[in-house]
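**Q** Protein sequence lines, in the order shown, are assigned to chains A and B.
According to my numbering, the first sequence is numbered sequentially starting from 39.
According to my numbering, the second sequence is numbered sequentially starting from 39.
No wet-lab data here; the hints were simulated from the structure.
Hints may be right or wrong, so weigh each one.
Treat identical chains as interchangeable: a pair holds within one or across any two.
When the alpha-carbon atoms are kept at most 16 Å apart in a straight line, the in silico EDC-like pairs for lysine to aspartate or glutamate are as follows [said to hold, decoys possible]: (1) LYS68 x ASP380; (2) LYS484 x GLU290; (3) LYS517 x ASP237; (4) LYS301 x GLU157; (5) LYS227 x ASP339; (6) LYS240 x ASP153; (7) LYS436 x ASP291; (8) LYS557 x GLU499; (9) LYS484 x GLU364; (10) LYS381 x ASP173; (11) LYS379 x ASP291; (12) LYS436 x ASP225; (13) LYS557 x GLU531; (14) LYS485 x GLU450; (15) LYS379 x ASP535.
Given the structure is predicted, the values throughout are model-derived calculations rather than measurements.
There are 2 protein chains.
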Amino acid sequence: MSDAPLPPGLDRASFDKALGELRKTLGDDKVLATELDRQTYLDPYALGTGLDHESCGALTPTSVEDVQAIVGIANAHKLPLWPVARGKNLGYGAAAPVLAGTAVVDMTRMNRILDVDTEFAHCTIEPGVGFYQMDEHLTANRIPLWMSVPANGWGSLVGNALERGIGYTPYGDNTSKLCGLEVVMPDGKLVRTGLGAMDGNKAWANYQYGFGTSWDQMFAQSNFGIVTKANMWLMPEPELSFHALVNLPRMEDIVWAMDVLAKLRLSGVVDHNVVFGNYLHDASAMTTRADWYDGPGPIPDDVAEKIQKKFNVGWWTFHISVYGDEPVAMAKKGLIDAAFKDKLATPIPWVPLRPGEPREPLAVAAGKPFVLPLAVVNWMGGRGGHIGFSPILPPSGKLAWEAFLRRKKRFEAMGLDYYSSFTVGHRHIANVNMILYDRDDAEMTKKAHDLFVQMIGDAREEGYGEYRTHIDFMDAVSKTYDFNGGALMRLNEAVKDTLDPNGIIAPGKNGIWPARLRKGRVA
Amino acid sequence: MSDAPLPPGLDRASFDKALGELRKTLGDDKVLATELDRQTYLDPYALGTGLDHESCGALTPTSVEDVQAIVGIANAHKLPLWPVARGKNLGYGAAAPVLAGTAVVDMTRMNRILDVDTEFAHCTIEPGVGFYQMDEHLTANRIPLWMSVPANGWGSLVGNALERGIGYTPYGDNTSKLCGLEVVMPDGKLVRTGLGAMDGNKAWANYQYGFGTSWDQMFAQSNFGIVTKANMWLMPEPELSFHALVNLPRMEDIVWAMDVLAKLRLSGVVDHNVVFGNYLHDASAMTTRADWYDGPGPIPDDVAEKIQKKFNVGWWTFHISVYGDEPVAMAKKGLIDAAFKDKLATPIPWVPLRPGEPREPLAVAAGKPFVLPLAVVNWMGGRGGHIGFSPILPPSGKLAWEAFLRRKKRFEAMGLDYYSSFTVGHRHIANVNMILYDRDDAEMTKKAHDLFVQMIGDAREEGYGEYRTHIDFMDAVSKTYDFNGGALMRLNEAVKDTLDPNGIIAPGKNGIWPARLRKGRVA
Numbered sequence: 039m040s041d042a043p044l045p046p047g048l049d050r051a052s053f054d055k056a057l058g059e060l061r062k063t064l065g066d067d068k069v070l071a072t073e074l075d076r077q078t079y080l081d082p083y084a085l086g087t088g089l090d091h092e093s094c095g096a097l098t099p100t101s102v103e104d105v106q107a108i109v110g111i112a113n114a115h116k117l118p119l120w121p122v123a124r125g126k127n128l129g130y131g132a133a134a135p136v137l138a139g140t141a142v143v144d145m146t147r148m149n150r151i152l153d154v155d156t157e158f159a160h161c162t163i164e165p166g167v168g169f170y171q172m173d174e175h176l177t178a179n180r181i182p183l184w185m186s187v188p189a190n191g192w193g194s195l196v197g198n199a200l201e202r203g204i205g206y207t208p209y210g211d212n213t214s215k216l217c218g219l220e221v222v223m224p225d226g227k228l229v230r231t232g233l234g235a236m237d238g239n240k241a242w243a244n245y246q247y248g249f250g251t252s253w254d255q256m257f258a259q260s261n262f263g264i265v266t267k268a269n270m271w272l273m274p275e276p277e278l279s280f281h282a283l284v285n286l287p288r289m290e291d292i293v294w295a296m297d298v299l300a301k302l303r304l305s306g307v308v309d310h311n312v313v314f315g316n317y318l319h320d321a322s323a324m325t326t327r328a329d330w331y332d333g334p335g336p337i338p339d340d341v342a343e344k345i346q347k348k349f350n351v352g353w354w355t356f357h358i359s360v361y362g363d364e365p366v367a368m369a370k371k372g373l374i375d376a377a378f379k380d381k382l383a384t385p386i387p388w389v390p391l392r393p394g395e396p397r398e399p400l401a402v403a404a405g406k407p408f409v410l411p412l413a414v415v416n417w418m419g420g421r422g423g424h425i426g427f428s429p430i431l432p433p434s435g436k437l438a439w440e441a442f443l444r445r446k447k448r449f450e451a452m453g454l455d456y457y458s459s460f461t462v463g464h465r466h467i468a469n470v471n472m473i474l475y476d477r478d479d480a481e482m483t484k485k486a487h488d489l490f491v492q493m494i495g496d497a498r499e500e501g502y503g504e505y506r507t508h509i510d511f512m513d514a515v516s517k518t519y520d521f522n523g524g525a526l527m528r529l530n531e532a533v534k535d536t537l538d539p540n541g542i543i544a545p546g547k548n549g550i551w552p553a554r555l556r557k558g559r560v561a
Numbered sequence: 039m040s041d042a043p044l045p046p047g048l049d050r051a052s053f054d055k056a057l058g059e060l061r062k063t064l065g066d067d068k069v070l071a072t073e074l075d076r077q078t079y080l081d082p083y084a085l086g087t088g089l090d091h092e093s094c095g096a097l098t099p100t101s102v103e104d105v106q107a108i109v110g111i112a113n114a115h116k117l118p119l120w121p122v123a124r125g126k127n128l129g130y131g132a133a134a135p136v137l138a139g140t141a142v143v144d145m146t147r148m149n150r151i152l153d154v155d156t157e158f159a160h161c162t163i164e165p166g167v168g169f170y171q172m173d174e175h176l177t178a179n180r181i182p183l184w185m186s187v188p189a190n191g192w193g194s195l196v197g198n199a200l201e202r203g204i205g206y207t208p209y210g211d212n213t214s215k216l217c218g219l220e221v222v223m224p225d226g227k228l229v230r231t232g233l234g235a236m237d238g239n240k241a242w243a244n245y246q247y248g249f250g251t252s253w254d255q256m257f258a259q260s261n262f263g264i265v266t267k268a269n270m271w272l273m274p275e276p277e278l279s280f281h282a283l284v285n286l287p288r289m290e291d292i293v294w295a296m297d298v299l300a301k302l303r304l305s306g307v308v309d310h311n312v313v314f315g316n317y318l319h320d321a322s323a324m325t326t327r328a329d330w331y332d333g334p335g336p337i338p339d340d341v342a343e344k345i346q347k348k349f350n351v352g353w354w355t356f357h358i359s360v361y362g363d364e365p366v367a368m369a370k371k372g373l374i375d376a377a378f379k380d381k382l383a384t385p386i387p388w389v390p391l392r393p394g395e396p397r398e399p400l401a402v403a404a405g406k407p408f409v410l411p412l413a414v415v416n417w418m419g420g421r422g423g424h425i426g427f428s429p430i431l432p433p434s435g436k437l438a439w440e441a442f443l444r445r446k447k448r449f450e451a452m453g454l455d456y457y458s459s460f461t462v463g464h465r466h467i468a469n470v471n472m473i474l475y476d477r478d479d480a481e482m483t484k485k486a487h488d489l490f491v492q493m494i495g496d497a498r499e500e501g502y503g504e505y506r507t508h509i510d511f512m513d514a515v516s517k518t519y520d521f522n523g524g525a526l527m528r529l530n531e532a533v534k535d536t537l538d539p540n541g542i543i544a545p546g547k548n549g550i551w552p553a554r555l556r557k558g559r560v561a
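Excised from the complex, chain A in its bound form (with noise of 0.2 Å):
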């Protein structure tokens, strides 16, 4: 206990006194600081010890007060908060904050599903409500409505929500899903964005932007207040649904199969978040890479072509789903097969999907949680760990293809495996560069880290940045926000200074410092 990290600014007299403080007011069950407790919020992935995000402890409120009362003693005490839904940020940091000593405020157990309503299609939730339980909730009340869940489905739905995660049905982009949050501000003071401004108003949940300027999004990836309560919307059951897995079996297909999707986005026939992978994508799921290949360097064309006959996947493959009512469900697969028809070897196998039957094997498809894809880090062997370089493109085959060579030949002359995914939004690729690392090996993770360090420059070169980072890098990214001289973290500082004067919620958090530490941010 008595070897935390500190934050700046607080010495281990006025920190212990703290501490008192939050076991008085919320009870010693809240209040988690020894040694094994903060080894539990260390990031599972970190490219290194991640003793560098070491926070002093967690806090564990159960209700709006409690999370007043935490506020109220941080600012009293300058001790900063990095609040966390259910901390399954996976590779981007997980529960860890950015800067050493701050006390993570762990809303796990305010988890709480204050309605669901059937009719209009929306729930009312706490941070702490996670992918399986809201589940569980759906099918136990035979509530005929879909979650949207991301590839980690540990998580929690608002959690994914405000750091901008996404899934892979018609609602697949969460943060848009998000209508009117509750916020314990810096001040501790209790705010209702949208139409929950009106206390009592009857349609919070139905109405995103209220009246006046709209303050959902600007809780999103920042570090302006506690989120303690959101409206989300969920998707109606379709009556019937279609999904299949696509294989395409060379590196430059990637070029007519983006400007394909991308059409078929843009017109609205495939309105999902299309995961468009390499083989390395369920390979480095289902096996390790001890199993093919025990070499240096990356892994050679041949193993790649094992690879890809071994799980009879093509160099891409991609996951397509159309969901609706029967006509237009049927009207749009057949639409996405007169689209490939010229393309693709064999037809489409479509798996149909109606209310009733199982939905677990298409997963998150079919809004069904999903943790199978968490088995990547396996695959360098050792305490394995994935991050993740993920800027944001055009839907353009010809600047896919672009970047795919740029990153493909950084990742082998650092010699680390090429694993990437473009993911097709409705208007934009969201590409993740996935690097996979043992974290037991300081050469590798090393490796990783110049390697994303390349990207950052690489993207910002080209004219990309990324959506969201790991919290090593977060003040790197930010910087490559540059307009006018950074004018929009200026912007983003003012708030920040004027809300949180003493600079307790999450100091760093992407690149967003307060005051007070702003000097000590990272170059």
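Chain B: place on chain A using the hints.
**A** Structure of chain B alone, referenced to chain A:
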């Protein structure tokens, strides 16, 4: 000139000095400050003379640098500014400011179409770009993209989106189609939001959120800066669309019709805002009240019947459309027919539209600007005006019916003709209660005012709030947003005071006053 109203705290000498500096910096032709100029910027539909909202003149910048110069001089003299895009916010005050003596910043001359990207279906435009101008550009260049156009086609694409106006195609939630803004902040600094915060980012117009907190909606219905540029998403021309006007004979039909439409909206079969209005919708645009009735009080039932017969409409009429590739459009049309089959005496009279066919007859349903609906203001005779009270309801037939009965009774008790629409959005109803009046009839405008105030109170009591309002009522409506003592407004004010310490941008907009004028807030 010398009798221009002055804002609080600015004496005539200082005002003249500011005006002189503005003339010198911008050029005489960009400073409009004669009495006639001021009259031009009065609210043409004001309930009364409109002089309580008279500007001190208008500034008409033609560049970002002009806007920055204006903001600089305004800060030096504490001259409040009221930015308008094209000033056509009719029914909400048009170009007139809340606070008399404020200078209008009329962006009409900043009307460059900087880019239209046909492949990715977006544009980059200045706020002065009007719907007719863009329509001409798209038509002349044979660009197969559709705008989303509101009922009043005179306005600005950007202005309408920032005020949360709506259109009637699947892209009808205009504010949700903004994808990155360029803004002159109150201190004169230029900020770009979203991915545009990276200089030269190639995907600025493709992805809405950027990295970290997103500010686009901060600049909607607010006063935190002057938008000088915006990216907006346009809709790819559909291969086929069908359009129909459906009549429902009895006022009670709203109950089942709202439920049917809400279900079709939620499932995505209908993916546009459905305007569902009473019989005065057409009658008031094409005739005047005097053509039908010259008695006192609201129109009697037998006259209402005569009007419905003449226009061959029911008590309610609504416009419904489907859009898409041919098989999708056909499938959706079939589903709508099935949903209404047992409810309507005759089949839905669908009109098809394909590329190359004239879209004008379908007007806003086909993304073409249109101004006929503005003729409703002539209904009562004299210099007409309209003002709409627009609370947001959940999309329920029962709730719509209750709201309908109470509002109708209020209109009739006040001796005014009940005219309203219940526009069905994705998960909500925007219920516009339109008061039509003769501005030259002082008794009538007083009644209109009193009715509006009554409806604010009624709706608050019921748990509903407006999504947008007239400059006369911005304070009153913002006060209905009362959760935790108006906590959201305190947040607005904290941000306002930081970003705009001199309180120069749009004092009183949507109830947000700068510190120095806050005590002057209308009760």
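**Q** Evaluate each hint against the coordinates.
**A** Consistency of the hints with the structure:
When the C-alpha separation of LYS68 and ASP380 is checked against a cutoff of 16 Å, the pair qualifies neither within a copy, at 61 Å, nor between copies, at 59 Å. For the identical chains of this complex, LYS484 and GLU290 are neighbours neither inside a copy (31 Å) nor across copies (71 Å), given an alpha-carbon limit of 16 Å. Taking the shortest alpha-carbon separations for LYS517 and ASP237, only the inter-copy value of 11 Å comes in at or below 16 Å, while the best intra-copy value is 40 Å. Taking CA atoms no more than 16 Å apart as the test, LYS301 paired with GLU157 passes between copies only; the shortest distance there is 9 Å, against 33 Å inside one copy.
For the homomeric pair LYS227 and ASP339, neither the shortest alpha-carbon distance inside one copy (59 Å) nor that between copies (52 Å) is at most 16 Å. Taking the shortest Cα distances, LYS240 and ASP153 sit within 16 Å of each other inside one copy (13 Å), while across copies they are farther apart (41 Å). Proximity of LYS436 and ASP291 under a CA criterion of 16 Å is satisfied intra-copy only: 11 Å inside one chain copy versus 54 Å between copies. For the homomeric pair LYS557 and GLU499, neither the shortest alpha-carbon distance inside one copy (26 Å) nor that between copies (50 Å) is at most 16 Å.
Proximity of LYS484 to GLU364 under the C-alpha cut-off of 16 Å is found in neither arrangement, the shortest distances being 52 Å within a copy and 54 Å between copies. With identical chains, the CA atoms of LYS381 and ASP173 are never at most 16 Å apart, being 38 Å at best within one copy and 37 Å at best between copies. Proximity of LYS379 and ASP291 under a CA criterion of 16 Å is satisfied intra-copy only: 14 Å inside one chain copy versus 47 Å between copies. Taking the shortest alpha-carbon separations for LYS436 and ASP225, neither the intra-copy value of 49 Å nor the inter-copy value of 41 Å comes in at or below 16 Å.
Within a single copy, LYS557 and GLU531 get their C-alpha atoms as close as 13 Å, which meets the 16 Å cut-off; across copies the closest is 28 Å, which misses it. Proximity of LYS485 to GLU450 under the C-alpha cut-off of 16 Å is restricted to the intra-copy arrangement: shortest distance 11 Å within a copy versus 76 Å between copies. In this assembly of identical chains, LYS379 and ASP535 lie within 16 Å of each other by CA distance neither inside one copy nor across copies; the values are 57 Å within and 59 Å between.
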